[in-house]
Amino acid sequence: MIRSCWLSRLTVAVAALFLSLGASSRAAQEPITPSALKSWADEVFGQAFAAKRFSGAAVGVVRDGETLLLQGYGWQDAIKQIPLDPQQTQLRMCSLSKSFTAVSALQLIERGQIPSLDSPVNDQLTRYQLPEPWGDQITLRHLMTHSSGMTGGGTPQGTSRDIPAPVSKREFAKLLKENLLRAPGQISLYANLGVAVEGALIEDVSGLPLAEYMRRNIFIPLGMNNTILHHTLATPKNLATPAAVFPNGEYQPVVFYPKHPAAAASGGIVATPEDMLRYAAFHADSTSDLHSDVLSSQSRALMRTAHFRADPLVDGVGLHLYPQRYGDLAMAKHGCGLPGFSSYMAVLPELNLGVYITLMASQPLPTLSDLVGRLLGHGRMVESANAPRGELLRNTEEVWESFAKRFLPAQQMPELPASAEAPSQTLARSELLGSYWVERRPFSSLRKLFFAGSVREVSAQGSNGIRIDGEDFRVAGDGVYANVSDELDRVVFKRLDDGRVYFTARSAAWRQVNGLENPNLWSLCLIASLLLLLSGFFARFWRGPKAANAYARPPQFAALAVLLLAVPAVVGTRDLGTMVNQYFNNDYLRISVFVITLNIAALLALWHAAGAFRWWMRVRDTLVGEKKGIGAYLSLLHATALAFAALALAGSMIFFNLVGLQLY
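Remember, the numbering used here sits 652 above the position in the sequence shown when you count from 1.
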């Protein structure tokens, strides 16, 4: 009897074990219920807000069209102490706006007003034509997968002027002055200005401004009554004001920078969290005809499908959505950011599930007095004992991962070969080593300087692996390398038509550069030469032949010009960061003064360089003959150093497009 009982228990246990092993991976996850979601959100957002890691946040989850979670945390306006209301407070959707533009274009394809995703956009653009040599080859599919060959950097996309929409041909051409880098279809490089072209196409075909087109064809049909495509200088009435937090706990509002109306297609959507859940439900619904009046389920599925893939072993790029897999579930997502805002949306159509997140957090911008106060031990930059702070919570991907780990199976990507295997490589490892500069940057404007630090170093690691900025990668395929500590982090190396080696990760790309193309070299030259030119003030103390006196003034004037470079940064503005932001948003007055001063310093320095060389030649023999002593030789050495500094300054200014006034 006892033995029979023991056998039956063993049988039940073995059966239970096999059932658990055979069950879906989703069975081990926490059920997606309103109470579980609320508990998760309170843990993630409630604790972070208490630690002042953000000023405001919103999160929502919708399944089968039913809202399971819609919650706001923190402030709509931290200064005025107005709580964030997820039904009324408007937030910036940043690059989630791109998916609205994709929906608009696909609507016109479904209605027969645009032939197809693969018809050249130049065929229907009336205000502006993409230029030769590749403009006529570019299609909507290229633009929506960021594989058009357009630069990802380009002209700043904000505005300090009230520009009517739709924008004129002249304004559009100015915005797109810097655009095509290569033939389409080679790599996917995230390009906001490519989406501006999509917006122009929609306007040209439909005859409506993009904001009005979206209002009629997306917002109203989906019940998104508190959503607009913003493209004016005026701040939307209910838009939240993000705030940075100083170490002492004091809030600082983040300045609102409006989008240029032509660039609004890439980041101009302003919506409430409640409206964004309606939009997430629209994309998560994969089978019903509930929203077929807006876009068919087939076209929505097309948006979630990879249309460009750098390699079969990496995730692809959809139509302004990024498809992935979590366990055996397909999903599509997009994340983005603007000053003070980070937004994110993920949809899993097999579960009819949508998740939306917005975080408002930013680093404070201290004034000169704040920095002085910190040195003296008081003020906003000094951490207060009663104002505990953690690292800013502004990474929406991190929040999504927290949700996914709790409620979804483990993420999957195409399987990699065993680490012992080393697939044959089209490119030898030795060809991959070196410095790579980010490709999503300006090329012809002075804004190139702002991307000087975006260099990554690739070195050899082990027998066939590589190291990128301190992280180890192993061979995973032909040109594909996987991060040893995170197999989902994969990069692809390729040699493109221009003969250069690139490596890509999703819609980001870096190009291999040689020594003279490396911005690190020219950044060092720029800083060192400016500092050395400041020593030109001491030229008046030179002790040499009378011939030296004629060349004492140029270095002094150059030093004065270098000193004056600081004036635009500290007079009339609170910090250098504000000045940079003004440039990013097409407010060029202050940055123009800065660059003009730098050009004056360079001209004076070159004047001195020429004079110093002549002086050096004229007095060299005199110095030796008159035996003026070590002081004369030191003054000659100083003059020579200043001459080289002038040449280094000129070279670095040419490299970073600082010569003249290349604002665009």
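What the hints contain is simulated information worked out from the structure, not anything from laboratory work. Where is the CB? At the ideal position from N, CA and C, for every residue including glycine. It is possible that some hints are incorrect.
Lysine-lysine pairs mimicking DSS-like chemistry, simulated, CA-CA at most 27 Å apart [as the list claims (entries may be wrong)]: (1) K821 with K1057; (2) K985 with K690; (3) K732 with K889; (4) K1057 with K690; (5) K1100 with K829; (6) K1100 with K826; (7) K1100 with K1057; (8) K826 with K732; (9) K732 with K985.
Pair by pair, the computed Cβ-Cβ distance ranges are [to be verified]: (10) A886 with T1292: 51 to 59 Å; (11) R813 with L1216: 50 to 58 Å; (12) V907 with H1030: 19 to 27 Å; (13) G979 with N1047: 21 to 29 Å.
Against the structure, the hints:
| no. | hint | verdict |
| --- | --- | --- |
| 1 | K821 with K1057 | violated (49 Å) |
| 2 | K985 with K690 | holds (22 Å) |
| 3 | K732 with K889 | holds (15 Å) |
| 4 | K1057 with K690 | holds (16 Å) |
| 5 | K1100 with K829 | holds (14 Å) |
| 6 | K1100 with K826 | holds (17 Å) |
| 7 | K1100 with K1057 | violated (39 Å) |
| 8 | K826 with K732 | violated (39 Å) |
| 9 | K732 with K985 | violated (34 Å) |
| 10 | A886 with T1292: 51 to 59 Å | holds (57 Å) |
| 11 | R813 with L1216: 50 to 58 Å | violated (28 Å) |
| 12 | V907 with H1030: 19 to 27 Å | holds (26 Å) |
| 13 | G979 with N1047: 21 to 29 Å | holds (23 Å) |
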